[in-house]
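Q: Chains as they are written, first to last, in full-length UniProt numbering: chain P, 1 to 389; chain A, 1 to 389.
Please keep in mind that the hints were generated in silico from the structure rather than gathered at the bench.
Hints are not guaranteed to be accurate.
Any copy will do: because identical chains look the same in the list, a pair fits if it lies in one copy or spans two.
To be verified - Restricting the straight-line Cα-Cα distance to at most 30 Å, the calculated cross-link-like pairs of lysine-lysine (DSS-like) are:
(1) K243 to K358
(2) K39 to K23
(3) K243 to K17
(4) K39 to K55
(5) K63 to K42
(6) K42 to K135
(7) K55 to K42
(8) K295 to K202
(9) K202 to K71
(10) K240 to K71
(11) K358 to K250
2 protein chains.
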Amino acid sequence: MTKNNFDTSAIIDVLKKCLPAGKASIGLHEPCFAGNEWKYVKECLDTGWVSSVGKYVDQFEEKLAEYTGAKRAIAVVNGTAALHISLMLTGVEADDEVLVPDLTFIATVNAITYCGAIPHFVDVEERTMGLDPNKLADYLLEIAELRGTDCFNRHTGRRIKAVLPMHTFGHPVDLDALIEVCQKFHLELIEDAAESLGSSYKGRHTGNWGKLSTLSFNGNKTITTGGGGAILTNDEELGKMAKYITTTAKVPHKWNFYHSQIGYNYRLPNINAALGCAQLEQLPDFLIRKRALAKKYIDAFSSVAGIRVFEEPAFAQSNYWLNVLMLEDNCRKYRDDVLAATNNNGIMTRPVWILMHKLPMFSNCPKMDVHVAEDLEARIINIPSSVFL
Amino acid sequence: MTKNNFDTSAIIDVLKKCLPAGKASIGLHEPCFAGNEWKYVKECLDTGWVSSVGKYVDQFEEKLAEYTGAKRAIAVVNGTAALHISLMLTGVEADDEVLVPDLTFIATVNAITYCGAIPHFVDVEERTMGLDPNKLADYLLEIAELRGTDCFNRHTGRRIKAVLPMHTFGHPVDLDALIEVCQKFHLELIEDAAESLGSSYKGRHTGNWGKLSTLSFNGNKTITTGGGGAILTNDEELGKMAKYITTTAKVPHKWNFYHSQIGYNYRLPNINAALGCAQLEQLPDFLIRKRALAKKYIDAFSSVAGIRVFEEPAFAQSNYWLNVLMLEDNCRKYRDDVLAATNNNGIMTRPVWILMHKLPMFSNCPKMDVHVAEDLEARIINIPSSVFL
Chain P
1 MTKNNFDTSA IIDVLKKCLP AGKASIGLHE PCFAGNEWKY VKECLDTGWV SSVGKYVDQF
61 EEKLAEYTGA KRAIAVVNGT AALHISLMLT GVEADDEVLV PDLTFIATVN AITYCGAIPH
121 FVDVEERTMG LDPNKLADYL LEIAELRGTD CFNRHTGRRI KAVLPMHTFG HPVDLDALIE
181 VCQKFHLELI EDAAESLGSS YKGRHTGNWG KLSTLSFNGN KTITTGGGGA ILTNDEELGK
241 MAKYITTTAK VPHKWNFYHS QIGYNYRLPN INAALGCAQL EQLPDFLIRK RALAKKYIDA
301 FSSVAGIRVF EEPAFAQSNY WLNVLMLEDN CRKYRDDVLA ATNNNGIMTR PVWILMHKLP
361 MFSNCPKMDV HVAEDLEARI INIPSSVFL
Chain A
1 MTKNNFDTSA IIDVLKKCLP AGKASIGLHE PCFAGNEWKY VKECLDTGWV SSVGKYVDQF
61 EEKLAEYTGA KRAIAVVNGT AALHISLMLT GVEADDEVLV PDLTFIATVN AITYCGAIPH
121 FVDVEERTMG LDPNKLADYL LEIAELRGTD CFNRHTGRRI KAVLPMHTFG HPVDLDALIE
181 VCQKFHLELI EDAAESLGSS YKGRHTGNWG KLSTLSFNGN KTITTGGGGA ILTNDEELGK
241 MAKYITTTAK VPHKWNFYHS QIGYNYRLPN INAALGCAQL EQLPDFLIRK RALAKKYIDA
301 FSSVAGIRVF EEPAFAQSNY WLNVLMLEDN CRKYRDDVLA ATNNNGIMTR PVWILMHKLP
361 MFSNCPKMDV HVAEDLEARI INIPSSVFL
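Take the sequences, apply the hints, and build the full model.
A: Now the structure itself:
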């Protein structure tokens, strides 16, 4: 095998060398319960505090705020719910447009539609796989105009209210550049940090830069609560409102049920928060192990033709949530061969999500030129990245 | 004390007699984990299957369908989510009206607004505390007109698409009478059976009569999953669609992420379903105990002035989820005294929910005369009803 000939079996060999031997199948990202999970969950069962009553929700929120540096963290039922409420509290209304990367998981875009708003797809850049702030700035110069304090799309006539970047596979987008764009065009910033717990941009945790930001603790994430998510914010008032609206907007009273507005039942059950507390204690160790695995992959694939392992951008420290094999330009045609060969060999891999503008319900949404997203869609392969590998 | 003089301390005495001695405080409805809860939850932790992968979600759905007699049960993240999707799949659209009892928990009504539809408040009857089908029939004769296959509100011009009764505290509404109204006026029936798992109407389980119906397994319910709910239906196609749309509408594929429509992340995590499986095994025993407690209350309060314990309607077998002390007409003025005295004595009690039309966000919604709901609101007090009491 030389650096010049693409060889699928060489990829399998290198993956096998990096991964534990003797396992019939290796998942993409499986949870690791090596801490106080049993203890805390059992306590919930023994005390009967599994639901909305119990100490773990409060503890989980405090520890999340402490870890991320956000003033307030609000635990919710999953990342999608966190996105929905964050968009709503940012002031996104029906018929507003929200700028969002074309390359993202469906939840980011679905949440925009829950507000009655319209996704407006933005291209990504290769060094982060996330939203490209410079390309966005140029694009807005062309299509946007400011009227008073609001930004409007000249073509559709609709208000553009917010930008919702997603830190792809844990790698932060270029937040300083993006914040500059937001300020210039009077756009609110919400970060979808579902994949980037443990990742920082220029030394400060992701999810700490937007007006509101969101985390996910789904079973495939760096830490899991079974299903769960959180809203982060540095605005105390928005934090209070997020807690209120995600718990049915009930005004506290010893026995009366008075709700002052339409609210949501998005609270995280205590038993799931207990799992989260135990997982969060192990996060620093998980991150060390994930970076070690990424390093191992980077080194091992350095001599393989036609492929490289994605490395964190210079301004970031990434959690390497899901490692990425990036096919070189002229090898994109082998993507499905690699996917088939790896999966057939018990090594779970997958391509990146189909671009959002290609899905039938979003095919008529506004979008800029997205050729980098198109390009990456054909070249990304995710490989096993569990912390215990 | 005679049957003629209202005496708050007599109520406290009778409650104390019915309830276990020596507890500093007795909650309204606390969960009971006396079965395989820990075994199943531990299995989730040991295998790492806590989230969307794992056998308990399937098992829980199968057992729920078997128990309720519904063709299909779909486990979701809570009862509110179940309501939202059931309304949507029934065809409720923006600007439709949905007939709903004025006396219900906020989730029933919030879910209508999530579809962009308008709640239209209906009165209840005293024998069920639920929607009054006869009063509704008279009202619709007055305000509704059929155009083609649809029913319209003559006053607002809006389509009335569905009726959404709620089986209050586990007591079924008069479903036969209600179904007759639905047929006559071309309305879809959705049952909010959040409180009535284990309750049957004329020998058939509640949640089995509507096009779609919903259950809740919140921490205060007869069985709990921490937080959770389910959609029930006898329509296989709607059941499939409910599963699909509550799991992000992803088309199954070995690795591709293709979503064919806007979906929701409403799936129940496996760890919560594990709890549900263990709880469901104990449900028959729970129901026996709950009926025994209700009987004890009914007997004990039979000699107390000004108050009676609510008994199931003749056509129903109720789960007696939350027992109700019903103040007699001339004793309604003592409601807050009883609430204060019981809560101050460590016996948790509460009034029924504030009527929906009195909440600011629903104050302009259409409604019929609701004087029975107004009457009951002033007379209902819920008393402790956990299965272990």
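Q: Please go over all the hints and tell whether each is borne out by the structure.
A: Structure-based check of each hint:
1. K243 to K358: This pair counts as between: shortest inter-copy Cα distance 23 Å, intra-copy 35 Å.
2. K39 to K23: Close inside one copy (28 Å) and across copies (26 Å); limit 30 Å.
3. K243 to K17: neither (47 Å within a copy, 39 Å between copies)
4. K39 to K55: both (14 Å within a copy, 23 Å between copies)
5. K63 to K42: Both: 20 Å inside a copy, 24 Å across copies.
6. K42 to K135: Intra 51 Å, inter 50 Å, cutoff 30 Å: neither.
7. K55 to K42: both (13 Å within a copy, 21 Å between copies)
8. K295 to K202: within (20 Å within a copy, 66 Å between copies)
9. K202 to K71: Within one copy only: 19 Å inside a chain, 55 Å across chains, cut-off 30 Å.
10. K240 to K71: So K240 and K71 pass the 30 Å test inside one copy only (11 Å; across, 42 Å).
11. K358 to K250: Close across copies (14 Å), not inside one copy (40 Å); limit 30 Å.
In this structure, the hints that do not hold are numbers 3 and 6, in rising order.
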